[in-house]
Amino acid sequence: MTPTARLFGGAAPVAQSATPPEYLDQEEARPGFLLGKNTQFRHLLRAAALMLCGALATGAGAQATGDLGLVVERASGSLLVVDQSERAQIGRIEGLGDLSHASIVYSPDQRFAYVFGRDGGLTKVDILAQEIVGRVMQAGNSIGGAISDDGRYVAVSNYEPGGVRIFDADTLEMIADIPTGSKTVGLVDIPGTRFVFSLWDAGETWIADLSGATPVITKVTGMGTNPYDALVTGDGRTYIVGLFGEDHLTALDLWQEVPQPQPILPGYAEGREGLPVYKMPHLEGWALAGHDFALPAIGQHEVLWVDARSLKESGRTAVHGQPVFAIARPDGRQVWVNFAHPDNDTIQVIDTLTKQVINEFKPGPGVLHMEFTPRGREVWMSVRDAGRVMIYDTQSFVKLREIEAESPSGIFFTARAHKTGL
Amino acid sequence: MNRGLVILALAAAPAWAEPDAAALERLVRQDCGSCHGMTLKGGLGPDIRTGALGHHDHDSLAAVILDGIPGTPMPPWRPLLSEAEARWIATYLLTGGHR
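Residue numbers (the numbering used here), protein chains in the order written: chain A, 79 to 500; chain Y, 190 to 288.
Isolated chain A, as found in the complex (with noise of 0.2 Å):
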């Protein structure tokens, strides 16, 4: 090849600077051989003998599993294998047990999810091979789960009996029981093989640290009556609890050696009633859109707006109902939100600069979740009683797609392997 075809990219110096497999001998693997025009060219024969190979080894099937996701079938404790690009489901894992507000985490080569159900299932599934690979009933009762930064542990968050139980990723085996007398929620990974969960009776958030031979467990008081659920933000610095049982939130920078309950948004309710609510919302790590979160209410129908940076109130945006979930697309330019029974029929979208809603919709009764494609083109729901995921261009607002699913809820596609907190 000549330099200047090397310069317009011929495929030779793509795959020279590849690091040499271990299987090439040590001859063709020295960094000299990019001098010697010969050894180019076996080189080169070399490479494509073995991606011929590879194709052959591994067959016309092969599926890379960064566009998959799976949908969680509720009632019939089965999911669905979906892919992104094909907007399409390609099949179904059964034997799930109840996966009645199930979720799941991917493990960091997206192959293998880890699903928590309801009823204390711990199962593990190879997307690929579309088939149960391990499972353990780990408790009675459990509320969700989370995978450490390393990819070695999966931590359970359980109501019955309260704790957290930490699990060798591989083989599913207990490495670690931490009781908590308390239903345990907010479950979330933070960097360090960490994990950082509260306490729904005590009020206390916990933050336990498997970096060594045993845990070590560091406890926040005070955090508030009854949080009912938190997110981590992507960076794994602020760790928000929602408050049943208070007129606030309550933030925790974990960056401090000993971090201090900061409540947020302290009476955002004052000299309101409350209103009922029907269904707990939900905190995800999907709540920084541009500087601000965007978080439910709870007992106002209202998503609230904090300053990311002075966590200082920043807006109020009057919505629909009492919202579920506060969801940013993915560059943050758009928070959607879905709402709890009897109003869980309807969408509304916000506009994260003018903080307005500017588009509502109604997919139908018993829209359960929301899951953005990686960078937000398209937003996926669950609208159960469709029997429906519904697929919808976020900028067009134009639906492209439905596909049949029993009782669709949670929806998770495999890029959150990546992502802190998800």
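Derived from the structure by calculation, the hints contain no laboratory data.
Heads up, a few of these hints could be off.
[To be verified] Partial list, derived from the structure: chain Y residues whose beta carbon lies under 10 Å from chain A:
{"hint": "1", "residue": "S223"}
{"hint": "2", "residue": "C224"}
{"hint": "3", "residue": "M227"}
{"hint": "4", "residue": "P262"}
{"hint": "5", "residue": "P268"}
[Unchecked claim] Derived contacts from chain Y toward chain A, CB cut-off under 7 Å, selection only:
{"hint": "6", "residue": "D220"}
{"hint": "7", "residue": "P264"}
{"hint": "8", "residue": "L269"}
Model, not experiment: these values are computed from the prediction.
The beta carbon of each residue, even a glycine, is placed where N, CA and C say it ideally should be.
Please build the complex by placing chain Y on the supplied structure of chain A, with the hints as guidance.
Structure of chain Y alone, referenced to chain A:
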């Protein structure tokens, strides 16, 4: 005209004063289930299967459904349900209709 068919049709028609059983059963599963679990064995809210409701009778349970329990997350359902519907749900829960 086939009298049997007429009777069948009348029997299948909704009786206006009666609660819609299918809709209420769905509400119990899906919406009570948000807190009490789809199988009603409990979640953030307590177990509300028959065996766990021994401390309630029809009246007290219907009252809890309609007016909630202040100071707890149990909301009043009066804005959404009639008394007859709340009583139907109380009966359903107390007699194990969910099994």
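Could you check the structure against the hints above and give me the numbers of any it violates, in ascending order? Violated: none.
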